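Chains as they are written, first to last, in my numbering: chain A, 1 to 525; chain B, 1 to 813.
Derived from the structure by calculation, the hints contain no laboratory data.
Keep in mind the model is a prediction, meaning the values are calculated, not measured.
Careful: at least some of the hints might be erroneous.
Think about it this way: if two alpha-carbon atoms lie no more than 25 Å apart in a straight line, the pair counts; the simulated DMTMM-like pairs of lysine to aspartate or glutamate are [unchecked claim]:
hint	chain 1	residue 1	chain 2	residue 2
1	B	K616	A	D109
2	A	K520	B	E121
3	A	K492	B	E121
Chain A stretches covered by chain B per the calculated footprint, using a threshold of three residues with CB under 8 Å from any CB of chain B [said to hold, decoys possible]:
hint	segment
4	101-107
5	158-171
6	307-321
Selected chain A positions facing chain B (Cβ under 7 Å, derived; list incomplete) [stated by the list, open to error]:
hint	residue
7	L54
8	S197
9	P246
10	Y403
11	H416
12	W496
13	H498
14	L500
15	N506
16	V510
17	H516
18	L517
19	L518
20	L521
21	S525
Quick reminder that beta carbons are idealized off the backbone N, C-alpha and C, glycines included.
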Amino acid sequence: MKFFLFSIIAAGPLLLLFWGLLPLRCANSRRIHWITRSVWAAFIFSLVPAIFLLAHLNIQESHSYTLFSSSPRMEHTFLFNPLSAVMLVLISFLGAVITNYSCHYLQGDPKQTYFFKWLSLTIGSALTIVIAGNMIFFLIAWIATNIGLHQLLTFYSHRKSALLAARKKLIFNRIGDSCMIAATILIYFNFHSFNFSDIFQQVSLLPTGKVPEILLFINMFLVAGAIIQSAQFPFHSWLPDTLETPTPVSALMHAGIINAGGFLIVRMSPLVRICPAALHSLAIIGVITAVFGSVIMLTQTSIKKSLAFSTVAQMGFMLFQCGLGAFPVAVLHIVAHSLYKAHAFLSSGNPLGFKKLHTPLLKEKGRFLRFLIFLSITSLIVFTSAYFFKKNLLEESGSFVLYSILLVAITNFLWHCFQKISSFLLIVLSMVISSGLIGFYIFLHLIFKETLKELLPLPETAVTSLTFLLSLAFIVTFMVLLIAEIALPYLKKKTWCHVLYVHIYNRFYVNAFVNHLLLKLWPIS
Amino acid sequence: MNQSHHLSDLIQEACHKIAPLWPLSNFVAVNPFIGLVSQKFPDACKIIENVTHRSIFMPASFYEEQFHQGNITEKDLLEALSRHGKKEIITPQELIDFLTQAPSSNEDSVLTIADQIDKIEKTEWSKFIVEEISKWCSAYYDEGQASWHMPWKSLPLYNAWKMAATIDRTPEIIGMLNFRKQLKTLPEDPVAMITLALNAFASETKEKDLLLYRELMSINGWSSYIQYRVREALSSEKQDTNLVGLLAIRMAYDLILFRNKKNNLSFKKSELKGALKNSNFSFYWQEAYEIGFQRNFINKLSTQTRVLEQKSDEQKNIQAVFCIDVRSERFRRSFESLSKQIQTIGFAGFFGFPVEYLSLDQKEKKIQCPVLIRPKFSIKEISKDKSPGPIKNILNNNLLSEAIYKAWKAFKQSAVSCFSFVETIGLFYTFPLIQKTLCSLYDKAPPSCGHHLLNKKTSLDIEKKGTSDIGIPEEDQIALAAEALKNMGLTTQFAPSILICGHGSTSRNNAYASSLDCGACGGYSGDINARVASMIFNSSCVREGLQKKGITIPEETYFFAGLHNTTTDEVTILDEELVPTTHKAQLDHLKQILDKASDLTRTERSQFFNIPTHLKKSPKQLHKTFLSRADDWSQIMPEWGLANNAAFIAAPRERTKSLNLNARVFLHDYDASSDKDQHILEMIMSAPMVVANWINLQYYASTVNNQFFGSGNKVLHNVTSNLGVFEGNAGDLSVGLPLQSLHNGKKFIHDPLRLSVFIEAENKNINSIIKKNTAVRELLENGWVHLFSIEPQGNKYARYVNNYEWEICKLAS
């Protein structure tokens with residue numbers, strides 16, 4: 001049974017890697033067809049173990065299986081736990097959607113087969129990252145993903161801007177890789193194993209309190225690897241420049257590959273969570289990037305640039321959630337954001353702003369009504385389930401901060417509701433929507449926390465005064481952001497506001513500076 | 001004083017050369033050389049080559065291939081040379097040899113300062129300047145992409161840019177020294193700025209207008225878009241000087257670069273160079289290519305005499321008026337093939353009803369008529385639902401739904417709440433992802449096309465009520481109807497069923513969707529005009545009025561409005577519920593025939609797409625395939641639009657009826673015998689012919705140089721400011737058509753040919769129109785279109801040479 005399960009898990013990635021690695025000389029003509037089939041197969045293969053895991057197995061236990069038992073050090077090749085299941089389903093689903101999309105979208109391009117080869121390799125390696133059971137395997141898949149993506153980013157290699165962006169990514173990736181390699185070596189020195197399960201086992205036996213210095217280094221390297229991979233400030237500048245590549249690549253990158261940084265932290269969470277310094281730096285960098293990215297997003301005038309900065313910001317928020325120790329919520333964020341962003345990119349040829357709508361809901365009466373009914377029902381479910389679970393939501397790590405941010409967001413919604421008119425009906429409507437949103441949010445959090453139990457932080461982690469102060473600072477940051485956004489229309493006449501606009505519109509010149517430097521050091525002939 | 005006066009003329013001249021660019025919401029085809037039509041075609045080519053540094057002919061390899069395939073013969077080459085009086089100077093053999101020679105190096109001639117520095121120092125200033133200007137223009141003209149707007153939108157463009165650029169650090173980071181400091185010293189007035197720059201670096205340049213033209217063309221996309229705004233402002237009697245502002249911005253960058261570099265570099269004067277041998281020879285090849293086409297085409301047309309004789313006066317059962325659009329030709333042919341009782345008529349797709357349309361859900365009116373004329377009347381959509389239920393009533397409350405919608409948008413897009421939005425709503429995007437991916441796997445309602453086409457809850461309001469500016473007064477309805485019927489040549493022998501058939505297209509996720517809609521309807525679909533036309537023609541008051549004018553429409557005649565979906569080739573009958581019960585049988589009959597015609601058209605069209613055989617084995621299957629193509633969000637080539645258009649024929653349909661013209665021809669019905677005062681002829685030559693010429697040259701330019709006159713690769717398109725696209729990260733706004741509208745990956749679907757116009761009328765009558773109409777004369781005399789006349793009722797063809805002279809065409813025996 002176990003063997004059957006794991007062959008299914010491995011089949012998807014292996015199939016895709018096969019098509020990705022097979023030289024273009026072989027099976028050229030039907031390759032697109034076969035890759036499309038394979039990626040759908042990979043999706044179906046990913047569903048089987050996921051359902052199995054949900055329905056059958058004890059969800060708390062991580063499942064690993066020995067493939068290469070000859071070498072005791074490398075015995076754990078695969079790690080398949082609920083986290084892997086969620087990510088495997090997500091990536092293979094998006095991979096299938098994106099591959100399917102590319103069939104028609106790139107039809108007629110002379111290099112379409114080449115494109116599919118590298119697409120297949122990239123998706124296959126990304127799937128491998130998710131099921132890798134040890135550091136070496138993880139690292140190889142990680143690097144392979146970035147190599148595959150590099151080929152896709154330079155698909156139109158005659159375009160200088162495409163090369164420039166890909167090179168920027170290449171350089172940052174190599175720094176990230178070095179951090180990862182350093183972390184791997186240090187892990188081996190400390191734990192004498194590359195296997196995740198061994199490492200996590202040893203970590204769980206560590207006495208609480210004082211963290212050994214070497215673990216601090218390991219964690220810092222891991223954090224560095226994550227923030228570089230997930231395009232965090234100041235390493236973000238390559239991401240908004242990678243629009244010189246076909247839309248499906250942007251979708252894959254923004255919905256899939258960019259999450260690898262977050263996944264690294266979540267995967268290593270048993271190790272990362274014992275080290276408050278690592279968590280704090282993640283949270284701080286994350287929140288800076290979130291604010292930085294989302295404010296820049298407001299000013300961008302092209303649809304794909306806006307989406308790109310939105311990704312930067314969302315990745316920041318996701319790592320911020322990791323930094324708060326709310327790993328299951330971070331996974332929720334990865335999943336939700338990926339689906340949202342893939343859809344946004346793939347449909348970016350059809351912006352809503354084309355039509356200056358007058359009463360936009362007119363045509364969607366039915367849908368809107370359904371939405372309201374749906375919301376009321378879900379909120380009902382949520383509150384009852386919350387009651388039965390008897391969860392004290394605020395006790396869990398980071399929850400207080402995250403719920404405060406949700407409330408700030410709801411405040412923003414309500415503020416905009418009552419801009420022009422206020423009627424009893426509007427009050428009722430907005431209340432229903434807001435409570436529905438809050439309820440659904442809690443509901444999702446509960447589900448993810450329940451599914452990904454093993455990622456929850458250790459209950460005995462005491463709240464230090466530093467953590468408390470930081471939490472306070474984060475909440476204040478978002479409140480200030482809210483106030484700034486609401487006050488913006490009233491500040492339009494102020495000169496300093498104009499100056500700020502220009503700097504933000506120019507993305508604080510990070511891009512101009514990095515590009516200029518790179519072109520000096522590595523000219524494109 | 002005198003000098004500045006002279007200068008403003010120069011500036012106006014340069015600005016005048018820029019063609020307008022319509023926004024994506026109603027992307028109207030436009031002649032990209034519209035500012036140069038007063039020049040001879042080869043002269044204009046020379047100017048364009050000097051100014052854009054790019055050829056506007058196909059590469060030599062293309063002509064070589066055509067030569068080997070026999071589409072160009074040596075005789076055609078000779079003819080091309082003799083048309084331009086070069087028969088004695090150049091031999092065809094020289095032209096043939098030229099193809100195999102290496103192209104002589106393209107020597108740039110009219111250069112901006114940035115161009116010159118780039119050439120000497122191998123830098124990329126030109127590209128940088130384009131990106132900078134584009135950055136600020138897209139912020140200035142943004143139509144709602146950004147939620148934090150540029151604060152200086154109320155100022156003129158030049159001043160807004162100056163405010164922004166004095167804060168912007170980017171130029172200094174890239175190495176433009178003291179940019180902000182120097183900027184502050186520049187004048188606040190754009191004309192003064194241009195004067196300053198010209199005096200600084202072009203005081204000795206003779207052709208200042210070309211230098212200015214070059215400066216504008218270096219940022220062609222935004223120049224063109226601003227030209228569109230200038231044009232719109234003019235038509236509502238306002239003034240828009242932002243194009244001069246843009247020129248001043250461009251010159252300011254040059255001036256600052258010049259000041260920074262003048263001590264180190266020596267700058268050349270920009271001057272017009274004679275056209276390279278390259279382009280001269282390419283021009284003859286192009287002309288020969290067109291001659292080859294004309295030769296074959298005339299031979300094809302001349303086989304048609306026998307049918308002409310058969311022109312009968314028998315009463316038809318169905319008459320159908322279609323747009324002159326080339327895509328109608330294929331459908332008309334299929335439609336006519338089904339019964340001898342069917343007559344089709346080609347007419348501009350707005351059917352002579354220039355209206356503005358206000359739909360229920362939009363704030364702005366759409367102008368539903370060719371861009372050459374202004375709409376005279378407004379009509380609006382009204383809700384038929386007089387008694388909405390309580391919940392509908394609530395949701396119909398505009399203010400309420402608008403408030404919720406805006407708040408929701410703020411929740412989704414604002415910096416503070418976008419994170420919570422993603423976490424709560426993000427998962428729901430699974431459903432659209434699945435639905436759109438699997439769209440081809442399940443049956444569903446066909447994708448709609450046109451305005452509210454399938455929404456039966458609304459109707460059009462054309463009646464004028466009181467002093468409202470909406471509606472068409474009755475006397476105007478009668479006048480419009482009479483004019484339209486006369487121009488269509490439909491004043492007697494009305495069939496019982498008359499179909500007025502507009503056209504539109506359906507495609508998903510396509511920024512260039514409106515380029516596939518009706519050009520005669522201002523880049524929208526033509527259903528509104530068809531509906532208005534048939535409502536007016538069916539109105540009993542109008543029919544009474546028409547009778548007084550001598551046009552008697554029989555009682556049993558009913559005008560149906562239809563919409564031809566050019567992507568799926570379905571024809572939908574509109575306003576079906578208005579059809580009286582007495583005409584229901586006719587309606588059913590019409591629908592049946594239309595469905596059959598659709599099947600025939602689709603079968604013919606399927607060969608142009610890469611459709612697997614199992615998807616086209618039966619007409620029903622093919623229909624489904626076309627529907628799912630139109631509904632596919634990843635479909636990058638939903639249809640070929642007007643690609644491969646090459647000719648325009650104004651003649652009775654009998655002239656072309658039995659010919660397969662492969663959807664390459666604009667067909668306008670014209671019967672010279674019923675047009676004694678040449679009123680209709682003038683209308684045809686000054687409006688539909690010009691529109692066809694615009695469309696033709698847009699396709700031409702986008703094909704010969706897609707990088708400059710087209711909008712490049714669609715898979716890289718990045719919609720900007722909700723009005724245009726960037727190709728990739730940044731750069732200039734794109735003009736023209738994307739590559740995927742012209743090229744199927746293996747070869748160009750569009751053959752770049754200048755339009756050949758065929759008019760069945762007496763030469764002297766055509767001459768009199770040419771004499772009268774300057775715009776038409778310019779097009780013809782300067783070689784922007786080829787004009788041929790067909791002898792009325794006969795079979796003689798003559799080519800318009802010049803100066804009202806004609807040359808008889810020899811027919812292949």
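Compare the structure with the hints numbered earlier in the document and write down the numbers of the violated ones, lowest to highest.
Violated: hints 3, 7, 8, 10, 12, 14, 16, 18, 19, 20, 21.
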